[in-house]
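Engineer: Residue strings, one per chain:
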Amino acid sequence: MSFEKKLTLLGIELPPPPKPVATYVPAVRVGDLLFLSGVVPFRNGKLALEGKLGEDLTVEQGYEAARIALLNALSIARSEIGTLDRVKRVVRLVGYVASAEGFVQQPAVINGASDLLVKIFEDAGRHARVAVGAAELPLNSPIELEFILQVI
Amino acid sequence: MSFEKKLTLLGIELPPPPKPVATYVPAVRVGDLLFLSGVVPFRNGKLALEGKLGEDLTVEQGYEAARIALLNALSIARSEIGTLDRVKRVVRLVGYVASAEGFVQQPAVINGASDLLVKIFEDAGRHARVAVGAAELPLNSPIELEFILQVI
Amino acid sequence: MSFEKKLTLLGIELPPPPKPVATYVPAVRVGDLLFLSGVVPFRNGKLALEGKLGEDLTVEQGYEAARIALLNALSIARSEIGTLDRVKRVVRLVGYVASAEGFVQQPAVINGASDLLVKIFEDAGRHARVAVGAAELPLNSPIELEFILQVI
Numbered sequence: 001m002s003f004e005k006k007l008t009l010l011g012i013e014l015p016p017p018p019k020p021v022a023t024y025v026p027a028v029r030v031g032d033l034l035f036l037s038g039v040v041p042f043r044n045g046k047l048a049l050e051g052k053l054g055e056d057l058t059v060e061q062g063y064e065a066a067r068i069a070l071l072n073a074l075s076i077a078r079s080e081i082g083t084l085d086r087v088k089r090v091v092r093l094v095g096y097v098a099s100a101e102g103f104v105q106q107p108a109v110i111n112g113a114s115d116l117l118v119k120i121f122e123d124a125g126r127h128a129r130v131a132v133g134a135a136e137l138p139l140n141s142p143i144e145l146e147f148i149l150q151v152i
Numbered sequence: 001m002s003f004e005k006k007l008t009l010l011g012i013e014l015p016p017p018p019k020p021v022a023t024y025v026p027a028v029r030v031g032d033l034l035f036l037s038g039v040v041p042f043r044n045g046k047l048a049l050e051g052k053l054g055e056d057l058t059v060e061q062g063y064e065a066a067r068i069a070l071l072n073a074l075s076i077a078r079s080e081i082g083t084l085d086r087v088k089r090v091v092r093l094v095g096y097v098a099s100a101e102g103f104v105q106q107p108a109v110i111n112g113a114s115d116l117l118v119k120i121f122e123d124a125g126r127h128a129r130v131a132v133g134a135a136e137l138p139l140n141s142p143i144e145l146e147f148i149l150q151v152i
Numbered sequence: 001m002s003f004e005k006k007l008t009l010l011g012i013e014l015p016p017p018p019k020p021v022a023t024y025v026p027a028v029r030v031g032d033l034l035f036l037s038g039v040v041p042f043r044n045g046k047l048a049l050e051g052k053l054g055e056d057l058t059v060e061q062g063y064e065a066a067r068i069a070l071l072n073a074l075s076i077a078r079s080e081i082g083t084l085d086r087v088k089r090v091v092r093l094v095g096y097v098a099s100a101e102g103f104v105q106q107p108a109v110i111n112g113a114s115d116l117l118v119k120i121f122e123d124a125g126r127h128a129r130v131a132v133g134a135a136e137l138p139l140n141s142p143i144e145l146e147f148i149l150q151v152i
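Protein chains in written order, with the working numbering: chain A, 1 to 152; chain B, 1 to 152; chain C, 1 to 152.
With the rest of the complex left out, here is chain A (with noise of 0.2 Å):
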């Protein structure tokens, strides 16, 4: 199935995609290799939640934050390549969680991400992983995604 009618099976709507606010590009592609731009939870231009795992949000927020980054990344994609029928394989993601003193479950958060990848793009969604926990994030962001999209 086209991955753009799951995404709309699933009742999923993209938002605009972010426009960076400095001189990077929301992403930049090298042969069949889509380099994306860090994107945080953004939601009608701001981020729809704030602060850190462990003492600000829970892990449900912090997985509601990630798959609403993911929407994020996944706008700026189609927007690069035209449709989302052109991704071939999710390659890797680094999923960075604003972490306070003692929390360890960031892969639980950015499982918020993953979970969705693997519901709209099935086995092309099963990507390489990394989960970290980060001092700070921009703007006082819970998560950070970067995605290497394998496109057409």
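In case anyone wonders, no lab produced these hints; they're calculated from the structure. We put the beta carbon where it would ideally sit given N, CA and C, even for glycine. Check the hints yourself; a few may be wrong.
The calculated lysine-lysine pairs, modelled on DSBU-like cross-linking and capped at a C-alpha distance of 35 Å, are [as the list claims (entries may be wrong)]:
{"no.": "1", "chain 1": "C", "residue 1": "K88", "chain 2": "C", "residue 2": "K5"}
{"no.": "2", "chain 1": "B", "residue 1": "K19", "chain 2": "A", "residue 2": "K88"}
{"no.": "3", "chain 1": "B", "residue 1": "K46", "chain 2": "A", "residue 2": "K119"}
{"no.": "4", "chain 1": "C", "residue 1": "K19", "chain 2": "C", "residue 2": "K88"}
{"no.": "5", "chain 1": "A", "residue 1": "K19", "chain 2": "C", "residue 2": "K5"}
{"no.": "6", "chain 1": "B", "residue 1": "K6", "chain 2": "C", "residue 2": "K5"}
{"no.": "7", "chain 1": "A", "residue 1": "K119", "chain 2": "A", "residue 2": "K88"}
{"no.": "8", "chain 1": "C", "residue 1": "K6", "chain 2": "A", "residue 2": "K19"}
{"no.": "9", "chain 1": "A", "residue 1": "K19", "chain 2": "C", "residue 2": "K119"}
{"no.": "10", "chain 1": "A", "residue 1": "K6", "chain 2": "B", "residue 2": "K19"}
{"no.": "11", "chain 1": "C", "residue 1": "K88", "chain 2": "C", "residue 2": "K6"}
{"no.": "12", "chain 1": "B", "residue 1": "K19", "chain 2": "A", "residue 2": "K119"}
{"no.": "13", "chain 1": "C", "residue 1": "K119", "chain 2": "C", "residue 2": "K88"}
{"no.": "14", "chain 1": "A", "residue 1": "K46", "chain 2": "C", "residue 2": "K119"}
{"no.": "15", "chain 1": "A", "residue 1": "K88", "chain 2": "A", "residue 2": "K19"}
{"no.": "16", "chain 1": "B", "residue 1": "K19", "chain 2": "B", "residue 2": "K46"}
{"no.": "17", "chain 1": "C", "residue 1": "K88", "chain 2": "A", "residue 2": "K19"}
{"no.": "18", "chain 1": "A", "residue 1": "K5", "chain 2": "B", "residue 2": "K19"}
{"no.": "19", "chain 1": "A", "residue 1": "K88", "chain 2": "B", "residue 2": "K88"}
{"no.": "20", "chain 1": "C", "residue 1": "K19", "chain 2": "B", "residue 2": "K88"}
{"no.": "21", "chain 1": "A", "residue 1": "K88", "chain 2": "C", "residue 2": "K88"}
{"no.": "22", "chain 1": "B", "residue 1": "K119", "chain 2": "C", "residue 2": "K46"}
{"no.": "23", "chain 1": "C", "residue 1": "K88", "chain 2": "B", "residue 2": "K88"}
{"no.": "24", "chain 1": "C", "residue 1": "K19", "chain 2": "B", "residue 2": "K5"}
{"no.": "25", "chain 1": "C", "residue 1": "K6", "chain 2": "C", "residue 2": "K46"}
{"no.": "26", "chain 1": "C", "residue 1": "K119", "chain 2": "B", "residue 2": "K119"}
{"no.": "27", "chain 1": "B", "residue 1": "K19", "chain 2": "B", "residue 2": "K5"}
The following label-pair restraints were derived from C-beta to C-beta distances [claimed, not checked]:
{"no.": "28", "chain 1": "C", "residue 1": "R43", "chain 2": "B", "residue 2": "K46", "range": "27 to 33 Å"}
{"no.": "29", "chain 1": "A", "residue 1": "P15", "chain 2": "B", "residue 2": "G31", "range": "28 to 34 Å"}
{"no.": "30", "chain 1": "B", "residue 1": "G102", "chain 2": "C", "residue 2": "P16", "range": "26 to 32 Å"}
{"no.": "31", "chain 1": "B", "residue 1": "S2", "chain 2": "C", "residue 2": "T58", "range": "52 to 58 Å"}
{"no.": "32", "chain 1": "B", "residue 1": "R43", "chain 2": "C", "residue 2": "L10", "range": "50 to 56 Å"}
{"no.": "33", "chain 1": "B", "residue 1": "S79", "chain 2": "A", "residue 2": "G45", "range": "43 to 49 Å"}
{"no.": "34", "chain 1": "A", "residue 1": "G11", "chain 2": "B", "residue 2": "E13", "range": "48 to 54 Å"}
Footprint (simulated), chain C over chain B, 3 or more residues, beta carbon under 8 Å [said to hold, decoys possible]:
{"no.": "35", "stretch": "111-123"}
{"no.": "36", "stretch": "129-141"}
Following the hints, complete the assembly by docking chains B and C onto the known chain A.
Structural biologist: Chains B and C only, in chain A's frame:
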């Protein structure tokens, strides 16, 4: 000399490849690049060492943790490509070190992986490297390593 | 215009390439991708600035640190490929910013590298970017940059 033979000569036995507990996979290959998921120092299914550098663990213990995490990565690589003799080059290693306030010897810790890579793979083991301090890491792991390998 | 000439016009002189002190190398090339090791703001063999953003250094000082670290990266690149005129595209930059509690302006700091990249390489300098906060960085460096370049 064969890298597999070198491993045997060094008396190194790889652990079984760690299994991701979530919807990601241990590695993704695109062309001749193999992207590995983050590895931590698992031994017999649990962390061989826990805690932060500069607080719970010495640099020597961190070095050992990096060495053990590398074995997990090599185990994944072997399981993906059949034999380590198909490693053409270790391309890049990012080493995250769980760092207490004021701990700035991340490079000395990550050397535990870098040194062993060169022992096993010689020139093919010389990699680009990034060593950084993380606020927290999954499961209270002291280090996490992310590899990109070039494979045949 | 030649990127090397642009560098001269901008009055920029690159430092000698920093030498890794351990068993890794400054850069590894695979196909047309050049993966650079992490760089810190070295000048004359030592850190030009030290400490954390939000505590020891202002955003302006962090911006300057990112600029200096970039010069180290460009020096490595030139040493690997002979001339910066063989840079086809700056693909991706990960910028780690040593961040004290509550410092969330990592993007403004990393702009020190991004802005200069675009001045030197123009459109070829527009890169995908990730800016994150690190708990600690090697040698008490305020920033660390990791680049992937596409080269000819």
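Engineer: Could you work out which of the previously given hints the structure breaks and list their numbers from low to high?
Structural biologist: Numbers 6, 26, 28, in rising order.
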